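Assembly of the complex is requested from the two constituent chains, each provided in isolation within its own frame, with the hints serving as guidance.
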Amino acid sequence: MAERAAHVFSYGHQNASRFWFPCIDSYSELCTWKMEFTVDASMVAVSNGDLTETIYTSDMRRKTFHYTLPTPTAASNISLAVGPFEILVDPNMHEVTHFCLPHLLPLLKHTTTFLHEIFEFYEEILTCRYPFSCYKTVFVDEAYTDASSYASMSIFSTSLLHGSSIVDQTPITRKRTAKALAQQFFGCFISRISWTDDWVLKGISGYIYGLWMKKTFGSNEYNFWIKKWLTRVTDFELQNSGILLHPTFPSGKDKESPTPHLHFSTRYPHTLPCEYYKLYQAKAHLVLRLIENRISMEFLLQVFNKLLSLANTASSQRYQSHMWSQMLLSTAGFLKSISIVSGKDIQPLIRQWVEQSGVVKFFGTFVFNRKRNILELELKQDCFSQGTQKYVGPLTVTVQELDGSFNHNLQIEENSTRHEIPCHSKSRRNKKKKIPLMNGEEVDMDLSAMDSDSPLLWIRVDPGMTLLRRISFEQPDFMWQYQLRYERSVAAQLEAIRALERYPTPASRLALTDILEHEQCFYRVRLEATQCLAKVANAMVNTWSGPPAMKSLFTRMFCCKSCANIIKTNNFSNFQGYFLQKNVPIAMAKQRDAHGLCPKEVLTFILDLIKYNDNRKNKFSDNYYRAALIEALANTITPAVAASNESRTVEGLHPDAKLVLEEITRFLNMEKLLPCYRHTVTASCLRAVRVLQKNGHIPSEPGLFQAYAQYGIFIDVRLAALHALVDYTRVDTSSEILQWLLHLVQNDPVSFVRHKILTMLIEEPPLFRKSESTLCTEALVDQLWKLINSGTAHDSRLRCDAVDLYHALFGLGRPACLPLPELGLVVNLKEKKTVLNPTIKPEAGAAVSENASSSAGGKQSLVSEGANGKEPGSGTSASQGTKRKADSPPAEVTGTEGVTGRQDDDNNEESGKVKVRIRDDEEVDINMEHDTLASPKTGLEDYPSTQGSKPVVAGPESPTTQAARSARASPRNDHHHEHRKKKKKHRHKHKHKRRHDGRDSLPFLGSPASARSFNSLSTSD
Amino acid sequence: MVEASCFAVRPGRGGATAAENYFAARRRTLQVAASALLTEAGFEATEYAALETLTEMLQSYISEVGRSARALCEHTARTHPVPSDLLLCLSEMGFDVEALPAYAKRTHRIALSAPPTSHLPNTPKGLPTGQRRARPQYIPAHYPEFPDPHTYIRTPTYREPLTEYQVLRERSAAQRRDVERALTRFVAKTGPTYSLFDPDPAAFPLISCQPSANAYLSALLPSHLAEEAASLDNRDDDITTMGVSETGHGLESALSSGSLLPGMGANRPGEEPPIDNPYLRPVRKPKVRRRK
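Protein chains in written order, with my numbering: chain A, 1 to 1021; chain H, 1 to 292.
In isolation and in its complexed conformation, chain H is listed as follows (with noise of 0.2 Å):
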C-alpha cells in the first residue's frame, strides 16, 4: 500500500488528494534521511535516480524490519511489539544489534529536521445503512462494535418465478437442447467419430457406433441413464415452475423402478407357493446305479 502510493506521488503532482499529501511527506523525511547518510559518507552530490533507489532501499528495509516484529510480536499473542521483537528480527535479519548503540553515538550526525506533521485521513466511512445492533450485555466493552448490518445480514432477494407458460416451454427446451447439444459435442471430441462430410471432420460429428455381444439388451430394456435424466428433469422442473401438478410423474417413476428392480431372481418361485410346474421342480440328484 505504502510502496503503492510513493510511485504514485511523483508524476500525480497536479491534484493530489490529502492522502498523497502525506505519503509524499513521508517519503520526503525518508529521502533527506538518505541524503543525510549519504553526506555522513562523505558524497557531495548524487544523481536522482541512485538517491531514489537507495530511498527505496531504505523504505523496504525499514517496512520488512517493520513486519516481521509484528509478526514476532503476534507470535507470542502480543498485539504490540517489545524491543526484544525487534531485536531478533533486526538480527535475523542479518544486522549486527551489537554495534548499533555505538552509530548511535557517532559524533559527526546530521540532525534531521522532524517531519512535517500530517496526518493520515480518516478513510470514509462507508454509508450507514439500517440501524447498528448494540452490543449484547455480556459481551465486555472493549470488544469492537457491530460492523454494519449490510456485511453481515444476508437480505433474500428473488424474483417473481416465471408462470408464463410460453417463456417456461421455451426456456426448458432451449435449455434440454444446450445440455444435449453440449454432452453429445464433448462425447463426439473425445470419442471415435464419423463425419458425414469427407473433407471437413469437424462438421456434423456422429459419434460412432460400437457392435455389443446383446445388442437386443440396450434397445429392448428402457435405458438407466433415460430414466435418471427424467427424474433430473422432473427435479428441475419441480424448482422453476413451482409447482405444476406433478400428478404422472409419481406413477412414472413408481412403474419404471417397479419393473426395473434388480431382484429378478428373486420373486421367480417363491412367490406362489402352490404353482405346480415341472420347470420350477428343483432338479433331481441322478441315481447311484447310474454311476456304476
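So that you can see chain A by itself, here it is in the shape it has in the complex (with noise of 0.2 Å):
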C-alpha cells in the first residue's frame, strides 16, 4: 500500500465534516479535541492540533496516532490526511511540518522554502502571533481544490509542488500557501456565526493575503490583481447576476428570496455555483479594501488585531465555553469593532456594497472648453439594466495636463450628469518643458499629437478603484496613447491598452511597440500589449508596412547578433523576459493578412524558434516555452478550403498545416519518451490538434482525447483532453461524446475531474436555450435531472454543477425537447408552477434550478435516493436537532476532557473522537439514528438542509448510502483508512482489500463479525 502510495484525506465543499465522522457540522459550534488515528505502520495520519504520541498497536502493525487540539475549533474545520507521507520539518520553524507523497521530497524541501516569510508578513501586520501550536501542510493526490484550509492544518494539491527550474509555477504556488495561511487566521482560528457573515473572513483573508502579495510581488502586480478581480467580478455582475454578500432573509416568509434573479439559492453555501462563489469571495476582498479607503489601513490592521486578540483570550478560557462566541465573527460584530477602533460609522458602504448587489455602470464624455478653460465631464450612470445599483457620492477624476496632474473629487448627484472641472494649464505648448506627472516624476513628451487648443493630455475617472464599477469613458486615440506611455499606473495603462484596440492607426501601433520595448513596464502591460498590437495588426492589414508586428522587435531582443533567423540560446534568468519571449510568438501568430490567412512569414519564423530552441544551458525548465510555442503554431491555423470529414487525407492537408502537425507529432511523441513538467507540452499539444481538427486540417475524432481524458493520466492533461471533447460535442453536436463525458461526470473516481468537465460545458454549452439542436432530447434533460437529484447528494460543488449546466441549457423555461405536458389544454406559462402532473418532470426541473434547494427535497417522485439523506434536514428532527443544541455543544467535547457529559457517554464519545475500539451491532445502530437525528442542525443558517460532501469518492450507485456507510462506519472501524482507501483507489480495491482483512483486522473483529456489521449498517440505512 505504501508502494502505491495510496492514501486517504477529507474534503468538502464549506461545513463538510458529518460525511465522515459524526459532529454537528457547523462553523459556529465549537469545542476541543482529541482524536485518536490507528493506521497501518507504513503510514503517517496528520490531522488537527498538536500530535501528542505515537503508539504502536499491541500486534505492533499499526500505530496510533493521539492528536489534541487544545483550541476551541468547529467540527467543519477538522480534517485529516493518511499516507505513506514524507516528513519534511521545516527547516526554520520547526513547529512547521510538511508532507508530500514519496519520492517527493526535493520538491517539497523547494517548494516550503518560502513559508516561513509568509508567517512572519502575517504574524507582523496582525501583530498576533499565529494562533495554533503548529501547522501542517499537506500535499495530496487528487485534490478536491488546489488548496484548503483547516484548523492548524492545509491540504493542498500535489500538482502544486515544484522544483527549482520551473518558472511560472514559482508565484502560483507561493499565492495558493500564502492564502490558506491567510485562511488560517480568518477562517479557521476564527470562525464565523452565520452562513451570511461568511463575506467577513472571505474578505479579510483575501485582503492580507493581497498585502502580502503588494509587498512579495511589488505594488504593480498588486494593483494588476485587483484590477483583474474588479473587472471580472463586475463583468460577472453585469452579465449574469448580482453577487449579494449578505443577504438578509426575511424571517417566515420563505419564498421571498433576497436574489430573485438568480437561480440558485443563496440562503446556503452548497447552494452556489462555483464561479459564483469564486467571485463571492473576490467582492468580499474588494469591499474589504473599500473599507480600508475609508478608514484607512492602520485602522483596518487595528481591527484585525482587535479580533484576533479577543479571540485569542477567549480560546485560553477552558472551562468557559460561553466565552468562545468571542471566537466567531459575524457581520454585526465586524463593523462593531470598526466602529470602536476607528469612530467612522461605515454603514452606508456597507449597506452599498454588502447588504445590496449590483455594481456601478458609468459612461463618460467630455469637452473642453477653451473659452473658460474649462473641462465639461458627462457622467451618465445605467442603473436600471441587471447588475447595476446607483451610486450618489464622491468620484476622483484626475485630469493631466500640461502643467501637472491634478485630482478633482466629483458629486454624484442623482439628477446632474455633468460636472465641470477648471483647468490649470492654458494650452501654451511651444515652450519646451518637462510634464510633471502624478508620482512627481517629470518626463519629455512629444505633443505633436494632441489637440493643439486642449491643454489636457488625458483624463481618468476614479483612478483607485474606489468603487466596484465599470466605466466606459470615451477620449480620443492620442490621449489613450498618450496615457499608454506616460500614466505610471498599471491599472490605467490596461485601460489605456484595452482602448486601444478600438483605434488602429500607425500612432497606436508606435506607443504599442514603444511599450512592449519599455524595460521599466511592468511585464503584465507588456504582454497585454502584444495581444492588442496584433489585433491593431490585423485591423490596419492593408496599410501595414513593413514585417509583420513584432517581430523585428523579438529578433532585436531575443535572436542573436550575427544571424537574425536564429534565436539565442535559453537563459530565462531575466523573468521578464522570458514572460516576453513566451508571448510574443502566441500574439504574433494571431496576426492575418488580406485573405484572412496568417503570414507565411510568421509561420516560418515560430518554426525556426522551434528548430533553433537550445535550452541546454538554461537553468531552468523551458517547458512552458514549448507549450507556448505549440501554443503559437495552433494560432497560426486558419480554416481549410472546405472538404468534408471523409474526404480528408494527408495528401489533401495543407503544405502549412503539415509542417505544425509535423512538429506536433514530434512534441508529443517526445513527450512519452521525455515527459516535462506537469506535462504541459502534451496539454499544448492536445489543444493544438483540436485546433487542427476544428479547422478542417484533420478529421474530427474524438479517439484520441478519449485515450488522454481516461483515468491514470496526469490531471492537467486530462483536462486538456477534456476541454478539447467538450469542444468536439460543441462543434460537432456529437450526442454520444456528451453521453461519455456525462458518464465521467458520474463516474469519475476524481472529483476535481468530474466538476472540471461540468464547468467546461457550462462555459461552452453544447447545445444553446431555445435553439433546436439533436442533442436537446428528453434523455438528456432526465439524465441531468437526475444528476442534480440523486447522484451528487455528497458533493455539493458537484450538484451545483450539474444545476448549473442544467440552467445553461435550458434555461429556466421548460426546455424545448421535451412534449407538451397536455396538448389539449392550454397552460397559462405564469401558473406554470401550480400544474401537478406527475409526469411534468422538466417542470420541476425550472422550478428546481430556479431555486434548487428549497424545492429539491419536496419532489418525492423524482428524488428517490437523494431523498434519503435529505429529508431528515428539511424539518422532521427539527425539533430533536435544536433540542439536542441546546444542551450538548459543551458536553461533545467533554467526554474526552473529562467532564461528565449530560448525554449518555458513548454519543459524546463518538462525536468527539475517533475512536479505535470496536463496537457490537446494535451500539453501532444506536449511534448511526443518534447521528441522523442530530446532524441537521436547523437552528443555523450554515447547515444545508438538501446535501453536502464526503470525504471520499464514492461509487456513484446509491451514492448517498455508501456515503453515509463509510462515514458512520468508519470511526468506529479499525481499519477505517484502509476502508475507505479502498474506495479510493478503485484499481487495487479487492486485491488490497483481502490482503489487509487478512492481516490487519483479525486480531480485533473476525471479518464475518465486521462484515455483519456492514450489513446490519447497510440494511439500517
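Hints listed in this document are in silico derivations from the structure and should not be mistaken for laboratory results.
Zero decoy hints are in this set.
Pairwise CB distance ranges, derived in the manner of DEER restraints:
#1 H:K287 x A:S339: 53 to 63 Å
#2 H:R185 x A:A564: 31 to 41 Å
#3 H:L162 x A:Q531: 38 to 48 Å
#4 A:D453 x H:Q166: 52 to 62 Å
Remember, it's a predicted structure, so these values are computed and weren't measured experimentally.
Positions of the beta carbon are idealized from the N, C-alpha and C atoms, including for glycine.
Next comes the structure, spelled out in C-alpha cells:
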C-alpha cells in the first residue's frame, strides 16, 4: 500500500465533516478535540492540533496517532490525511511540518522554503502570533481543490509542488500557500457565526493575502490583481447576476428570496455555483479594500488585531465555553469593531456594497471649453440594467494637463450628470518644458499629436478603483496613447491598451511597440500590449508596412546578433524577458494577412524558433516556453478549404498545416519518452490537435482525446483532453461524446475532474437555449435532472455544477425538446408552477433550477435516493436537532476532556473523537440513529438541508448510502482508513482489501463479524 | 589468382600484358601435358571442350597438391616442403604413392618440351613515400625491411573546427531533430500508436498514451532520461564547438543531481538533531496493560 502511495484525506465544499464522522457540522459550534487515529505502520496520520504521541498497537503492525486540539474549533474545520507521507520539518520553524507523497521530498523542500516569510509577514501586520501551536501542510494527489484550509493544517494539491527549475509555477504555488495561511487566521481560527457572515472572513483573509502579495510581488502585481478581479466581478455581475455578500432573509416567508434574479439560492453555501462563490470571495476582498480606503489601513489592521486578540483570550478559557463566542465573527461584530477602533461609521458603505448586490456602471464623455478653460465632463449612470445599482457620492477624477496632474473630487448626485472642472494650464505647448506626472516624475513628451487648443493629456475617472464599477470613458485616441505611454499606473495602462484596440492607427502601433520595448514597464502590461498589437495589426492589414508586427522587436531582443533568424540559446534568468519571449510568438501567430491567412513569414519564424530552441545551457526548464510555441503554431492555423470529414487525407493536407502537424507529432511523441513538468507540452499539443481538427485540416475524431482523458493520465493533460472533447461535442454536436462525458461526470474517481467537466460544459454549452439541436433530447434532460437530484448528494459542488449546467442548457423555462404536458389544454405559463402533473418532470426541473434547494426536497417522485439523506434535514427532526443543540455543544467535548457530559457517554465519545475500539452491532445502530437525528442543525443558517459532501470518492451507484456508511462506520472501525482507501483507489480495491482484511483486521474483529456489522449498517440505512 | 588469370587468357587475346602472357604460357604447357596423357591412353582426337575440362581438372589437382603440401610443411614450422610432405598429402588425397615409381618408369611416355621460359613480371612497386626507416641494430639482417612508412604511420588529418556560429547552431539543431525523429519513429513503429488519419495508419503516428498508477510522479519529477540526454548533449557540444564556455552547465548538473539524490529518507531526521517535532519522535511501544 505504501509503495502505491495510497492515501486518504478529507475534503468537502464548505462544512462537510459530518460525512466522515458524526458531529455537529457547523462553523459556529466550537469545541476542543482529542482525536486518535490507528493506521498501518507504514502510514502517517495528519490531523488538526498537536500530535501528542504515537503508539504502536499491541501487534506492532499499526500505529495510533493521538492528537489534541486545545483551541476551540468547529467540526467543519477538522480534517484528516493518512498516507505514507514523507515528513519534512521546516528548517526555519520547527513547529511547522510538511508532508508529501513518496519520492517528492526534493520538490517539497524547494516548494516550502519561503513559507516562513509568509508567516513572518502575517504575524507582523496582524501583530499577533499564529493562533495554533503548530502548522501542517499536506500535499495530496487528486485533491478536491488546489488548497483547502483547516484548523492548523492545510491540504494542497500535489501539483503545486515544483522544483527549482520551474519558473511559471513558483508564483502560483506561493500565492496558493499564502492564501491558505491567511485563512488559518480568519476562517479556521476565527470562525463565522452564520453563512451570511462568510464574506467578512473571506474578505479579511483575501485582504491580508493581498497585502502579502503587494509586499512580495510588488504593488504593480497587486494593482494588476485588483484590476483583474474588479473587472471579473463587474463583468459577472453585469452579465449574469448580482453578487450579494450579506443576504438578509425575511423570517417566516421563505418564498421571498433576496436574490430573485438568481437561479439558485444564496441561503446556503452548498447551493452556490462555483464561479459565483469564487467571485463572491473576490468581491468580499474588494469591499474590504473599500473599507480600507474609508478608514485607512492602520485602523483596519487594528481591527484585525483586536478581533484576533479577543479570540485568543477566549480560546484560552478552557472551561467557560460561553466565552468562545468571541471566536466567532459576524458582520455586526465586525462593524462594531470598526466603529470602536476608527470612530467612523461605514454603514452606508456596507449598505451599498454588502447588503445590496450590483455594481456601478458609468459612461463618460467630455468636451473642453476653450473659452472658459473648463473641462465639461459628462458622467451617465446606467442603473436599470441587470446587475447595476445607483451610486451617489464622491468620485475622483484625475486630469493630466500640460502643467501637471490634478485630482478633482466630484459629487455624483441624483440627477445631474454634468460636471465642470476648471483647467489649470493654458494650451501653450510651444514652450519646451518637462511635464510633471502624478508621481512627481517629470518627463519630456512629444506633444505634436495632441489637439493644439486643449491642454488635456488624458483623463481618468476613479483612478484608485475605489468603487466597484465599470467605466466606459470616451477620449480621443491620442489621449489613450499618452495615457499608455506616460501614465505610471498599471490599471491606467491596461485601460489604455484595451481602448487602443478600437483605434488601429500607426500612432497606436507605435505607442504599443514603445511599451513593448520599455524595460521599466510592468511585464504583464507588455504582455497585454502584444495581444493588442496583433489585433491592431489585423485591423490595419491593408496599410501595414514592414515585417509582421513584433518580429523585428523579437529579433532584436531575443535573436543572435549575427544571424537574425536564430534565437539565442535560452537564458530565462530575466523573468520579464522570459514572459515576453513566451508570449510574443503567441500574439504574432494571431496575425492574418489580407486573405485571412497567417503570413508565411510568421509561420516560418515560429518554426525556426522551435527548430533552434536550445535549452542546454539554461538553468530553468523550458517546458512552458515550448508549450507556448505550440500554442503559437496552433494560432497560425486558419480554416482549411472546405472538405468533408471523410475526405480529409494526408495528401490533401495543406503544406503549412502539414509542417505544423509534423511538429506537433514530434513533440507529442517526444513527451512520451521525455516527459516535462506537468506535461505542459502534451496538454498544449492536444489543444493544437483540436485546433487542426476544428479548422478542417485533419479528420475530426474524438478518439485521441478520449485516450488522454482516461483515469491514470496526469490531471492537466486530462483536462486539456476533456476540454477538446467538450469542444468536439459543441462543434460536431455529438450526443455520443456528450454521453461519454456525462458518464465520466458520474463515474470518474477524481472529484476535481468531474467538477471540471461540468464547468467546461457550462462555459461552452453544447446547445443553446431555445435553439434546435439534435442533442436536446428528453433523455438528456432526464439525465441531468437525475444528476441534480440523486447522483451528487455527497458532493455539493458537483450538484451545483449540474444545476448550473441545466440552467445553461435549458434556462429557467421548459426544455424545448420535451413534449407538451397536456396538448389539449393551454397552460398559462405564469401558472406553470401550480400545474401538478406527475409526468411533467421538466416543470419541476425548471422550478428547481430556480431555487434548487427549496424545491428539491419536496419532489418525492423524482428524488428517490437523494431524498434519503435530505429528508431528515428538511424538518422532521428539527425539534430534535435544536434540542440537542441546546444542551450538547460543550458536552460534545466533555467526554474526552474529563468532564461528565449530560448525554450518554457513548454519544459524546463518538462525536468528540474518532474511536479505535470496535463496537457491536446494536451500538452501531444506535449511534447511527443518533447521528441522523443529530446532524441537521436547523437552527443555523450554515447547515444545508439538502446536501453536503463526503471525504471519499464513492461509487456513483447509491452514493448516499455508501457515503453515509463509510462516514458512519469508519470512526468505529479499526481499519477505517483502509476501508476508505479501497474506495479511493478503485482499481486495487479487491486485491488489497483481501490482503488487509486478512492481515490487519483479524486480531480485532473476525471478518464475518465486521461484514455483519456492515450489513446491518446498510440495511438500517 | 591463377585460375582467374587462366580464364582471362582466352577472350583477351588482343592486347595481352606481360602477366597475361606468362599465365597463358603455363596454361598451354598444362594443356600439352593433358594432350600427351590422352595420346598415351590411346585417344586420337579430342574435342576442345573436353580437353579444356581435363586441363582444368589437372590444374586443380596440382594446385590442391601444392596447397596441402604447403600447409603440411608450415604445420611443422618449415618454410619449404620436403618429399615426405608431398607424399603425405598425395596419400591423403587417395593417391597410391607406391604406384608412382612404376608409372614414372613406363615405356611409352611422351617427352614434352620444356615450357617456354617466361617470368612472372614483378608487381609494380608503389610509389615510395617518405623515408623508409632503417632497421635498428638489434634486428638481425635476415629480417625483412621495414615497409613503406605510409603503411604503418598514421597521419592524423583534421579539418579546421567549425567556428561559425550560425552553421553550428543549424547543425546541432538538425542533428537533434534527426535523432528525435528517428527515435520517435522507432518507438512508434514498435509500439501501439494512434493515427490522426483514420484510413492511413502510417501518417503521423502518435505513440498511444498509457495510464499509470501515480501519474503525478512522472509529471512533477524531472525525468532521468531528460537529464541524461542533456548531459550527453553537453558532451557532444564540447567536441563540436571546442570550448564554448561551459558556465551554467556545471551549475545545472550539480543542481539536478543534487536534487535527485536517491537518499531521500537518509537525510530526513539525522541532520539537525535539536529539532523537536512530534513527527520525528520515535513511535512508542504499547503499554503492557493494554494487552490484558
